[in-house]
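With these hints in hand, go ahead and build the complete structure from the sequences.
2 protein chains.
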Amino acid sequence: MAAPPNPLRRNEASRRAILDASLQLCAELGYRRLTIEAIAARAGVSKKTIYRWWPSKGAVVLEAVDDVATTVTEHPNTGDLAADLHTQLTAVIGLLTPAETSAAVGLIAEALHDEELARDLRERIIRPRIDEFKERLRQAQRDGQLPADADLDVALDLIYGPLYHRLVFHLGLPGPDELRTLLAHALRAFGPPPR
Amino acid sequence: MAAPPNPLRRNEASRRAILDASLQLCAELGYRRLTIEAIAARAGVSKKTIYRWWPSKGAVVLEAVDDVATTVTEHPNTGDLAADLHTQLTAVIGLLTPAETSAAVGLIAEALHDEELARDLRERIIRPRIDEFKERLRQAQRDGQLPADADLDVALDLIYGPLYHRLVFHLGLPGPDELRTLLAHALRAFGPPPR
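Protein chains in written order, with the UniProt record's numbering: chain A, 1 to 195; chain B, 1 to 195.
Keep in mind that the hints are not guaranteed to be accurate.
Note: identical chains are not told apart, hence a pair may lie in one copy or across any two.
What the hints assert, rightly or not - Mimicking SDA-like on lysine to any residue, the simulated pairs with C-alpha atoms at most 25 Å apart in a straight line are:
(1) K47 <-> P128
(2) K134 <-> L171
(3) K134 <-> P174
(4) K134 <-> Y51
(5) K48 <-> A150
(6) K47 <-> A184
(7) K134 <-> H170
(8) K134 <-> F169
(9) K48 <-> L23
(10) K134 <-> V154
(11) K134 <-> P176
(12) K134 <-> E123
(13) K47 <-> V154
Because the hints were derived from the structure by calculation, they are not lab data.
This is the structure in structure tokens:
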């Protein structure tokens, strides 16, 4: 017997199809050439359906990136802070690479021109992940891997800063060995861990 | 007696007027609403004159930012590395503020979508300034203010990274005290200076 139609489930299937289509098309065309028309066609929904849920292309891509980032950028906790940060930053670099067709980079560029999107990017995507980062660092402080008085806001800037400096000036995101060197230096900025 | 017309000087006056107009209009309208028409009107030249010298709006703004950055972002050398970096980074922050109407930020956003502009941004604006930064750090090494074995590429990323991390995620560029704290930490990443 077929299950009765479930409007909530149908909405979730459409939502998933729309977000997946937006990421696929970003990867194929780049953010700038992405259109709501193309997303609708790929997802098999009407433009009206998309506009019912999202006010703009940027809002669709923001939600798609948020979904992907949730699974990809979790902070592991193996007890080795430097190794865990290496794992997590490698995942972040994956989201930013290749820059030409990265939905996340398209969003970053668009938000530099769009105050509302900028606020959503900061509040919906970045702030919760800053909280997760700080939670991992507090665990490292409890584990004696980071001094108890380390300034976690400074740590945030020193650890993630290099990625975005390289991104905006097209200097090439760090490979695994470079990333290890950067992280070792950033962690040294807080002095030796307590004994 | 009037000086004879000097085509080179006339060109330089037009060039100056075009670059100044592009920066003024960026500050008034933001990069995205800037047009070659508006630059031509403000500078009192024809669109044809602009297109004779520059292929695109991005190219005009790039040259204008390059000119400004040359005078603004020189590295002072008072013998105090942390203080001198504070001065220089404060000037860089000035170029990036307010983000909505900064020509430099407009250029950064545009270059994330435009490979040719990205290459020009890196090669014409950023690479020469990275060389100047490293020259200042080598002086600090000779002065005994930075260890002789400090990795200058890592220093570049740790010192400038925080600005761009905050820029792309709209977290607010650091004020003077925050900048001092960031720089102190970044320099500690290289260990104590040799005695």
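Open item on the list: Of all the hints numbered above, which does this structure not satisfy? Sort the numbers upward.
Closed with: 1, 4, 5, 6 and 13
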